[in-house]
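Use the sequences and the hints to build the structure in full.
In the UniProt record's numbering, the protein residues as written are 1 to 695.
Derived from the structure by calculation, the hints contain no laboratory data.
Treat each hint with caution, since some may be false.
[As the list claims (entries may be wrong)] Derived CB-CB ranges, DEER-like: (1) A173 / Q147: 43 to 53 Å; (2) E601 / A378: 25 to 35 Å; (3) R637 / P365: 28 to 38 Å.
[As the list claims (entries may be wrong)] Below, simulated DSSO-like cross-link-like pairs (lysine-lysine); rule was C-alpha separation at most 30 Å, straight line: (4) K48 / K68; (5) K48 / K153; (6) K224 / K58; (7) K367 / K676.
Note that the structure is predicted; figures quoted are calculated from it, not measured.
Quick reminder that beta carbons are idealized off the backbone N, C-alpha and C, glycines included.
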Amino acid sequence: MSGLNFAQQEAVNYLHGPCLVLAGAGSGKTRVITMKIGRLIQAGLAAKRIAAITFTNKAAAEMRERAKHLIGREAKDVLVCTFHALGVRLMRSDGHVLGLKPQFSILDADDVTGILKDAGGTTDIATARQWQWTISLWKNNGLNAAQALAQAKDENERVAAMVMERYEERLQAYQSVDFDDLIGMPLKLLRDFPEVREKWQKALGHVLVDEYQDTNATQYELLKLLVGERGRFTAVGDDDQSIYGWRGATLDNLRKLPVDYPELKVIKLEQNYRSTSAILRAANNVIQPNPKLFPKTLFSELGEGEPVRVVDCDNEEHEAERAVARIQSIRANGVYKEWKDFAILYRANHQARVLEQALRRAQIPYKVSGGQSFFDRAEIRDLCAWLRLWVNNNDDPAFLRCVTTPKRGIGHQTLGALGTFASQYKLSLFEALFASSLPSVLNARALGSLHEFGRYINDLEYRARHTVGAEDAKRFMLEWLKEIGYEQHLYDAEDNEKVAAARWNNVLEFSEWMAGRCGGQIDDAAGVTTVAETKTLLEVAQTIALLSTISEREKDQNVVTLSTLHASKGLEWPNVVLAGVVEGLLPFKPEELEAGQAPSEGGLQRIQEERRLMYVGITRAQRSLVVSYPKKRKKGREMVHAQPSRFIAEMALDVKTMKEDPREKLRALRAEFAKKSAESAAAAAAAAAGGSAAA
1 MSGLNFAQQE AVNYLHGPCL VLAGAGSGKT RVITMKIGRL IQAGLAAKRI
51 AAITFTNKAA AEMRERAKHL IGREAKDVLV CTFHALGVRL MRSDGHVLGL
101 KPQFSILDAD DVTGILKDAG GTTDIATARQ WQWTISLWKN NGLNAAQALA
151 QAKDENERVA AMVMERYEER LQAYQSVDFD DLIGMPLKLL RDFPEVREKW
201 QKALGHVLVD EYQDTNATQY ELLKLLVGER GRFTAVGDDD QSIYGWRGAT
251 LDNLRKLPVD YPELKVIKLE QNYRSTSAIL RAANNVIQPN PKLFPKTLFS
301 ELGEGEPVRV VDCDNEEHEA ERAVARIQSI RANGVYKEWK DFAILYRANH
351 QARVLEQALR RAQIPYKVSG GQSFFDRAEI RDLCAWLRLW VNNNDDPAFL
401 RCVTTPKRGI GHQTLGALGT FASQYKLSLF EALFASSLPS VLNARALGSL
451 HEFGRYINDL EYRARHTVGA EDAKRFMLEW LKEIGYEQHL YDAEDNEKVA
501 AARWNNVLEF SEWMAGRCGG QIDDAAGVTT VAETKTLLEV AQTIALLSTI
551 SEREKDQNVV TLSTLHASKG LEWPNVVLAG VVEGLLPFKP EELEAGQAPS
601 EGGLQRIQEE RRLMYVGITR AQRSLVVSYP KKRKKGREMV HAQPSRFIAE
651 MALDVKTMKE DPREKLRALR AEFAKKSAES AAAAAAAAAG GSAAA
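See the structure below:
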């Protein structure tokens, strides 16, 4: 632990009671969590009795990798997962007491929307999605349909609560759960069934929770039941980085800890290892007006660094051009030559368009972080539906997608009759296939097609259950795709062959990835063979709905990052431009203040969360930060005057250094131009020399 500072060592060594580690931005929290896992094992706690809970699959993967390097072979026994993955583990193990089969399905957002449209008797997607959002918030606050109805504030909420009741009935019939259930149902398991609670409290000797400030009310109750009265846990978080209140996260969970656990040890990590003092001073100043649960001040030993600059621009196009010029200028100076050393951050997705246009004009490669997930592509969603149906035959949304994709001669009338029959007898669509009375509502041809499909699903399930290891899984996936004619289906569905080929390549990549998760012998790029734990293809398919991205796809991309502030959390870059920092965007739509009214309690809390978002943006920068704003911006079809955000003034920058010097930028651009001219001349001379030699 020689590389840890005193506060980090204290956090790692405190093992025998509840502990709250207040980890400021860039203070090394992931290292502390990983080191504490090793310290717990060193102190005699079996690795399999340690759980480290994160909020994203990517963070969990990073923590597993760090633990493996630090701890070695024992790291594989530590449970490192997201809250939702932990919920799945609890429910696969003990969900039978709630009437769930171990092979229950996890519905994605689109499946939920479809079921809500059916439950609410509407064809309007916007209405169904509004119900979806409302129901999700209720579930995150631990409310069921009856409780939501009792607390409904208006007619819209009363309707949503009644739809929620019918929605829950359908989930039970489909043996399915949504993502919110992966927290709510485990909570019910531990709260209502003492034998299950005791089992898990004995199994877990210490629980570590990363990004604790992002927990919602249900997750906090789940944590309390997992650790019991002994309170053997370490919560790691930062109240200044709590930016997810809109999806249920609550700072009340930080307030409750000292009350619920009077012996709580609070340790502050205030040394920042990421940013210069100039950047941290701006961050500390911005967050200072917010009320403090646990006051702290970040400091750095990396030196003063370059001053934080503020750039005012004529409009959004001018702002984008200046952001691009800033990147080119820094590269021309020669210290940061890689595109991946730069990021442009903004408050809302729509701000990316003009920035993308400017980068394309300058021929600068970029990626939009938080864009479409690999798993959101239609072809991948098709295949995931098949995998879900193998795991859980009662998954009606998956059944409907599989039976029609690719088309197999089973029409809407047949499926409508099957659906009516299944609803009448309270069966899933798959169960209804083989009901003895189904021939009374379907003709022989339709019945034969459905029976053929049902037998094929059973055959695939059997084969997947007995397919073990990467090589066999890859062979199986390719055979299956050929059997259903999926490649031809993609080419038939697309007018453009290049688009169809790209979609088919996505399918092949997905197949390789699935096979890799089945384990076995894996050769890395250096030719080193490692042996991973083997799993059946069916076991891997059971986890598919929890996966939101193939993180390997984003490794080593040498591109500029465009990202919303929310998506940037947890990341860092040497050079950051924070764009569009105007009232109405950051903070986002403070209507009450624009109207000159005193803010309500809710309005004040929103402003405080937006201030935390600004703090997160500032602390993404390691060496240089530019904050820019347009004097005019588009609002609808009109150009309107824009006011610089109040947060710019709150940074309390030195007015002598905050404005970017245009002469310095011009010198850098001239240097970049001269460099490119020299490179072009050298390339031309080399080409001419090559031509003479050939002659």
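Hints, verified against the model:
no., hint, in the structure
1, A173 / Q147: 43 to 53 Å, "violated, 22 Å"
2, E601 / A378: 25 to 35 Å, "violated, 44 Å"
3, R637 / P365: 28 to 38 Å, "holds, 32 Å"
4, K48 / K68, "holds, 14 Å"
5, K48 / K153, "violated, 46 Å"
6, K224 / K58, "holds, 25 Å"
7, K367 / K676, "holds, 24 Å"
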